[in-house]
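For chain A, the structure is supplied; the task is to place chain B on it using the hints.
Number of protein chains: 2
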Amino acid sequence: MTRWTMAPDRIPSAWFNVVPHLPTPPQPPLHPGTREPVGPADLAPLFPMELIGQEVSTEPWIDVPGEVLDILRLWRPTPLVRAVRLEKALGTPARIYFKDESGSPSGSHKTNTAVPQAFYNRAEGIGRLTTETGAGQWGTALAFACAQFDLDLKVYMVRASYEQKPYRRVAIQTWGGEVVPSPVDDPTHPGSLGAAISDAVRDCAGRAGSHYALGSVLNHVLLHQTVIGLEAREQLELAGERLPDVVIAPCGGGSNLGGIAFPFVPDAGVRLLAVEPSSCPTLTQGRFDYDFGDTAGLTPLLPMYTLGHDFVPPSIHAGGLRYHGDSPLVSALVRDGRMEAVAYPQGKVFEASVQFARTEGKIPAPECGHAIRAAIDEALAAKETGEEKVILFNYCGHGFLDLSAYDDYLNDRLPDEQG
Amino acid sequence: MTRWTMAPDRIPSAWFNVVPHLPTPPQPPLHPGTREPVGPADLAPLFPMELIGQEVSTEPWIDVPGEVLDILRLWRPTPLVRAVRLEKALGTPARIYFKDESGSPSGSHKTNTAVPQAFYNRAEGIGRLTTETGAGQWGTALAFACAQFDLDLKVYMVRASYEQKPYRRVAIQTWGGEVVPSPVDDPTHPGSLGAAISDAVRDCAGRAGSHYALGSVLNHVLLHQTVIGLEAREQLELAGERLPDVVIAPCGGGSNLGGIAFPFVPDAGVRLLAVEPSSCPTLTQGRFDYDFGDTAGLTPLLPMYTLGHDFVPPSIHAGGLRYHGDSPLVSALVRDGRMEAVAYPQGKVFEASVQFARTEGKIPAPECGHAIRAAIDEALAAKETGEEKVILFNYCGHGFLDLSAYDDYLNDRLPDEQG
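Line order of the protein sequences matches chains A and B.
Going by the UniProt record's numbering, the first residue of the first sequence is number 1, and it counts up by one from there.
Going by the UniProt record's numbering, the first residue of the second sequence is number 1, and it counts up by one from there.
To be clear, the hints were calculated from the coordinates, so they are not data collected in a lab.
Please read all numbers here as calculations on a predicted model, not as lab measurements.
Do not take every clue at face value.
Unchecked claim - Distance condition first, Cα-Cα at most 30 angstroms in a straight line; then the derived DSS-like pairs of lysine-lysine:
1. A:165 / B:348
2. A:348 / A:88
3. B:154 / A:348
4. A:348 / B:165
5. A:165 / A:383
6. B:165 / B:348
7. A:154 / A:88
8. A:389 / A:88
9. B:165 / A:165
10. B:165 / A:154
11. A:88 / B:154
12. B:88 / B:348
Stated by the list, open to error - Footprint (simulated), chain A over chain B, 3 or more residues, beta carbon under 8 angstroms:
13. 144-158
14. 325-333
15. 403-409
Said to hold, decoys possible - Ranges between beta-carbon positions, derived for each pair:
16. A:186 / B:180: 35 to 45 angstroms
17. B:413 / A:387: 53 to 63 angstroms
18. A:152 / B:383: 27 to 37 angstroms
19. A:387 / B:164: 47 to 57 angstroms
Glycine included, every Cβ here is placed at the ideal spot set by N, Cα and C.
Okay, chain A solo, but in the shape it has when bound (with noise of 0.2 angstroms):
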């Protein structure tokens, strides 16, 4: 067999907290103003207090609400599926499995997050959320989100997105949400995703009934994300593995990565490897330090691995890791040694994500190529040592909508030296 499903009974019921699992306990988030620990106070015109809550729990496993795993079901649990014809076409001893989030309803991963964020707001009275997006994956999530629990959404979009890829735009408006190129009050700007933010965060911070929703970074964002990991791990059961060798994802901010990789931390022999662009390599060249999530300096101070907050990544076509941040957790397990990390330029990405459609079939994501990239290459070490490893990787999202990026690597307009 080469493809896993499971009865849907089996999607878990609890996420999994990473936590209690850490090297050494988490630094708290800093308010922006005072450099003191932030409280539940200064978050709540923000967030529902239920995610301020898993914001900063201990507890090893938190329940999932039967309303949020009554839409999870639409698309969960997701296959695990073992690559064997590119497997075979690289000629590696190594087994190669994929977890397949591409079949929700957006397409990518991101959903996993949306909907129980859209579900806690919407339980404490919320009737509206604002949101930044780059390329529109959060953004899409979001929006189906919204209309499940039958709230307003305003989403703030790149304007280099907005105006060059209208796709994701349009997909937001067939849910029903409100898109604006962001930044708002610069209508030359290309924009940014931290300038993004800062116009969300700033359009639901004076508003009664408004809060904001963020899609990657923050520890409850990572904790929802978990389900993958938990699946992936009774699926590879199922296929008569016993733990992967290594744990791969692409990692803008983190929340791809947390998900796949996190229910893994606990197995130290299990390597968790984290993969992002050479021209956004935030944790592979950037400080460990307290910095801002977003462009304007609103957001708290986070510690992580950080560009600088003013830092603008080239427009590379993996619009989803262009962040010059990236999730506390994430950056604590890497800083720990506990997960690597390595950047690859866009060309290889591509490359790779060629090789990956006409051997599996599937087109991905750009985001999604930069695991497919290090699984590769994983598989080729492999194929030199002879070793039967077992390489687990997260395959986050169709790149049905980011094919304007495929015509640009086929006909040779996509400089690798872009990153």
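Relative to chain A, chain B alone:
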């Protein structure tokens, strides 16, 4: 439960042939020159002998080759989903199920026949295929399949789609296929499916080692699609249903409809419903007659409902339904009263598609929206009568590559009168 998968070993290992179950025996295709019934030798320049055999077979079941099954396993069995959120929004006592074919590599049901067609051609030593594609659903599916069997592929794409909807063109190229706009001899003509068929047939007819592949209409194509209905039948049983009251699918050339509906033809109580665009109303307004499959009159004459082989339908978004003719098998079943047909203008189709997206989460292809429209209307009729009707429809493909159509609809740029 609301979503039923099956174990991977439950993929049907034989296709269901509807021919023995037809109320009247099928009429043969006629040679375009002599108007005599065509024999295998007439078709041999275009198709491998195994497919020609399937085209005229009266065997009730035909084995699926193992190598084909190995590839179908990449995405099959596909899930059967109960649309409980849509039911609730409609306030209907009906139970609405859809068979979700959108998870295939190219995002539609077309891969179900692309894979066996590529396989049989490769098995008979063919190294190159030609085909036509409208919006690109078929071209992408065949490009994926050809990549699996190392076959060269040249796709003649209707020029209007080639220029205005480049994404599926890029997908074909990503899988390694070549694409050119059609008609090749008139760069100012927007093109049509019939003209693209002429181009593709002309290309391979005179060339050794080249064959032609068609994505719908022919008996062997509909045969390959019956995995959809066979799986749905078994999954409905898992869902605790006996048989559906009505089976619904969009109908352009008929492969979508044949795929889900043919396995229910022997069940006299099950209504079978074809849904077509009112701008290309082949079954509802056409005449039953022998006609050419293409514009230039190169193909055999087929006994079918037709609007005339020189009919050029208006440029609606559901490009896959813009065909002047129809499957002879579907046509015969409609003529003999075993199948019904209904037509909708595209404004009503997109209204249903947006309601589906906001309730069930998934954004459907415009072709697929036709089935959703009819399913909703059946469910609303059941609300009037209080009937607990069981409705099954084919969710034949996602709309990620059709979002510009939603943009038009949401911004009132979609003239309803266009059909």
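Here is how each hint holds up against the structure:
A hinted pair counts as satisfied when its Cα atoms are at most 30 angstroms apart, and residue 165 of chain A with residue 348 of chain B qualifies at roughly 27 angstroms. For the suggested pair residue 348 of chain A and residue 88 of chain A, the alpha carbons sit about 20 angstroms apart, so the restraint of at most 30 angstroms is met. Using a Cα cut-off of 30 angstroms, the hinted pair residue 154 of chain B and residue 348 of chain A holds, with the two alpha carbons roughly 27 angstroms apart. About 27 angstroms separates the Cα atoms of residue 348 of chain A and residue 165 of chain B, which keeps this hinted pair within 30 angstroms; it holds.
With a CA separation close to 39 angstroms, the supplied pair residue 165 of chain A and residue 383 of chain A exceeds the 30 angstroms bound. About 22 angstroms separates the Cα atoms of residue 165 of chain B and residue 348 of chain B, which keeps this hinted pair within 30 angstroms; it holds. For the hint linking residue 154 of chain A to residue 88 of chain A, the alpha-carbon distance of about 46 angstroms lies beyond 30 angstroms, and the restraint is violated. Among the hinted pairs, residue 389 of chain A with residue 88 of chain A is consistent with the structure: their alpha-carbon atoms are about 14 angstroms apart, no more than 30 angstroms.
Taking the CA atoms of residue 165 of chain B and residue 165 of chain A, the gap is about 13 angstroms. The hint holds against a cut of 30 angstroms. Taken as a hint, the residue 165 of chain B and residue 154 of chain A pair is honoured in the structure, with Cα atoms around 28 angstroms apart against an allowance of 30 angstroms. With a C-alpha separation of about 26 angstroms, the suggested pairing of residue 88 of chain A with residue 154 of chain B holds against the 30 angstroms cut-off. Taking the CA atoms of residue 88 of chain B and residue 348 of chain B, the gap is about 20 angstroms. The hint holds against a cut of 30 angstroms.
Look at the stretch 144-158 of chain B against chain A: 3 of its residues bring a Cβ nearer than 8 angstroms to a Cβ of that chain, three or more, so the hint holds. For the stretch 325-333 of chain B, the stated coverage by chain A is violated: 0 residues have a C-beta nearer than 8 angstroms to a C-beta of that chain, whereas at least 3 were required. Coverage of the stretch 403-409 of chain B by chain A holds in this model, with 4 residues showing a Cβ closer than 8 angstroms to a Cβ of that chain against a need of three. Look at residue 186 of chain A against residue 180 of chain B: about 43 angstroms separates their beta carbons, and that is inside 35 to 45 angstroms.
Between residue 413 of chain B and residue 387 of chain A the beta carbons are some 57 angstroms apart, a value that agrees with the proposed interval 53 to 63 angstroms. The given range of 27 to 37 angstroms is respected by residue 152 of chain A and residue 383 of chain B, whose C-beta atoms sit roughly 29 angstroms from each other. As the Cβ distance of residue 387 of chain A to residue 164 of chain B is approximately 50 angstroms, the hint placing it in 47 to 57 angstroms holds.
Going through the hint list in order, the structure does not satisfy hints 5, 7 and 14.
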